[in-house]
Amino acid sequence: MIEVKNVTKVFNDTNKAVDNISFTVNPGEIVGFIGPNGSGKTTTLKLLTGIYQKDEGDIKVAGYDIDKEPLEAKQNIGYISDSPDMFLRLKGIEFLNLIADIYNVSSTKRKERIKTLTKAFGLENILDAEMISYSHGMRQKMMVIAALIHEPDVWILDEPLIGLDPESAHQLKEMMKDHAKKGHAVLFSTHVLEVAEKLCDRVIIIKEGKILYQGTLKDLKKQYTKKDLEEIFLRMVQDEDV
Amino acid sequence: MKMYSKLVRTFLLSGEMPKSEKAKKKNFYITLGIIATVFIFIPCFILMTFLVAAATSGIKEEILNNMAYAGNIGNALLLVIQFICIFSMIFGFNIILNTFYFSGDIEHILPLPIKPKLLISSKFMAVLISESLMEFLFLIAAFLGFLIIDGVSISTALMSLIGIITLPILPLVYCGIIALLIMRFTKLIKNKNNMLTLVMLGIIIIVGMIAIGYLNNDSITEFIPLLAQGKVGFLDIMNIIFPSTYFLVTAITANNIFAFIMYLLINVFAYLIFMVLADKIYIPGVKRISSNAMDNKIKLSETIKKAEKRNYVKTYIEKELKILVRTPSFFSNCILSNLLWPIIIILIYLIQGQDNVIFEFVNHYKQGEALGLLVVFISIFAISAILTTANSIASSSISREGHHLPFMKYIPVEYKTQLNIKALISIIISFGFNFIYLLIICYFLEATFMDFIVFTAVSLLSCIFFTYLGIYLDTVNPKLVWEDELNALRGNENTFFSMAISMIIAVVLGGGIYYLNKVVLIPLSILKGMLIILLLMGSILIYYKVMNKGIKNVEEIEI
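Residue numbers (numbering that gives the first Met the number 0), protein chains in the order written: chain A, 0 to 241; chain B, 0 to 558.
Pulled out of the complex, with its shape left as it was, chain A reads as follows (with noise of 0.2 Å):
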């Protein structure tokens, strides 16, 4: 479903944010992307969105080359970006009718999606209030509903959690279940490892642009002897440091 192949991005001709990696998102897989602030995360998943030009390598998403098919690449894509305040002077419906439209989904889909997921969020009865009144984790859990709208094969989810409360935090961890289990792909960055433990069917840790480690969390503590997961994480990055 995602295929990222020695892959680099410099900006300003010097500053290598991310440096030659390749990594697959598999069909009904989870995968959580871990790393320091900085560390090239959110860089990896704007290009995987199209957001930013790669240097260099080759990027496909459902089938489809990002540069060469971007339409049909984006068209598959579901993707929650790192900030949610956007378009706060529209209203949330005027703001999900743009994005459904936007993404071909007919009327009588737009409804039931709507209906279900802002009643799993609990935003049913403010749709018709701009979005300036919404508060943080309002903004967030729309976002959230945006990208998933159009049922969207991939999902690609920068830092979904932040923001949103327990229960709405469980009812996105519960969808992406949902969606692996039906044969999509859910790639998101988190900095919380209990999460990544609790939900990805395998990790990459990436650090100053450089992939450190991939594959089941299961492996990764069988390669280490201590078995907290945030100390095994800590103990790699400063291995890299050393």
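The set of hints was computed from the structure by calculation and includes no laboratory data.
If you're wondering where the values come from, they're calculated on a predicted model, not measured in any experiment.
Hints should not be assumed to be uniformly reliable.
What the hints assert, rightly or not - Below, computed lysine-lysine pairings styled on DSSO-like, alpha-carbon distance capped at 30 Å:
1) A:Lys108 - B:Lys415
2) B:Lys25 - A:Lys15
3) A:Lys4 - A:Lys197
4) B:Lys551 - A:Lys15
5) A:Lys4 - A:Lys206
6) A:Lys114 - B:Lys304
7) B:Lys548 - A:Lys4
8) A:Lys110 - B:Lys25
9) B:Lys24 - A:Lys118
10) A:Lys108 - B:Lys321
11) A:Lys15 - B:Lys548
12) B:Lys305 - A:Lys67
13) B:Lys415 - A:Lys181
14) B:Lys321 - A:Lys114
15) A:Lys4 - A:Lys220
16) A:Lys108 - B:Lys318
17) A:Lys118 - A:Lys108
18) B:Lys304 - A:Lys118
19) B:Lys318 - A:Lys110
20) A:Lys118 - B:Lys296
21) B:Lys551 - A:Lys59
22) A:Lys108 - B:Lys296
23) B:Lys25 - A:Lys108
24) B:Lys296 - A:Lys67
25) A:Lys108 - B:Lys308
26) A:Lys110 - B:Lys296
27) B:Lys313 - A:Lys110
28) A:Lys114 - B:Lys318
Using the hints provided, position chain B relative to the given structure of chain A.
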């Protein structure tokens, strides 16, 4: 003091337009900067200097005839700086309100252990510096024009210099006090809703009415003697509203140090009142802004009825329009500003009285003279060009996206479609206003139907050309990092550059058509056709530039 200067620098930097790192873009921007300086700053400076010098010279002549008026030598300068103060208030109110209450830094700074006084004074200084740069240019020109005629000594030069720097304080203090009171004691402006725009519109209408009311019926030939006699009602009213201006001009004209001290004292006093008031009511006012207040709670069963499929292009157009209309800073700068032009033209018309140039050309046109038609023709092109560029809808179309810009990139909609939608919005609004003005102009000109069609074509093509030009400039170096929406437009050089280019093209085309008609003797009917073809070709060329290089520029933007 160190903290104060650090805060001022931080606030100033947050409003600055980032410079491109790429050498090619840098050079492009330096070239545009030079063009803008040569074609906007220098002509404005010379015009202002000349205006004040000519009026002061006229007053001087009147004084020679009647020494009783000797004290009024500075009245032309006084009138000009009072107008500058009015404009400073009109534009300053929105900026003060945004900087003090709606800037993105507020929620980060408030929890810091910074005294409210320090925060307020540094924000005020940042507004004063950033807002007064253009004002300084006009003030320097006005003082220069006056001093050229009246002579200059070290003391007058020194007082003028201090005056130029400190004159914007009083109008901004007024704006600050009004903003403090509104935000603390009323619920007029909440969540930056359109009430802010209505307050601004109210100020513009009131000031416009005062100006028109007091300047009415004073023809240019009568105006100078009236100025010399000090019999201009507008000056009297403004001397009460801005007393500091009167004392400054008196200090300079009479070399009166006591008047100058009075001028300084008024400014200090006004600033102190503002600071004391701000210290008491600023923070409570900020806390009153409730960003979480939900205006509309409607059941899902009702709202869901609106979830109907439509063509995405229509929805995208609606989204652009809604954001323009619902964001007060965008609404006032991009839409309401289009209403300013007729007010300015009416003001010029009224100041000039019966023997005015506009009236003369109207008569030339009505009598079927080529010169009249030529001037009207070029004016319609120039007005359409300046209106389209000055409202900045096109030249800020990418900048206004700010940190939403990635949205344009990850949705499955071609850049071509998105840029054309942005262009369409600019063309609809700019041409909409132009067309209304065109109807009024044609009514007064008693234009033939054929002329009306030609004027409409010129106006439309002018809007299209300058819209795509503005969009292209904004793809080269958009201002995407801003704290509040006003900052997307404020200090956005792309608007400035497209205005400069529109002025150059208007001058070159106007001069060219005049030359071809008067010297080469090509009939106007042919020249009209040539201009339309030229504009059409220009529009096609710039369209292709946007669709190729412009799209590439958007692809390369990384935020």
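Hints the structure violates: just list their numbers, smallest first.
-> Per hint list: 8, 9, 12, 13, 23, 24 violated.
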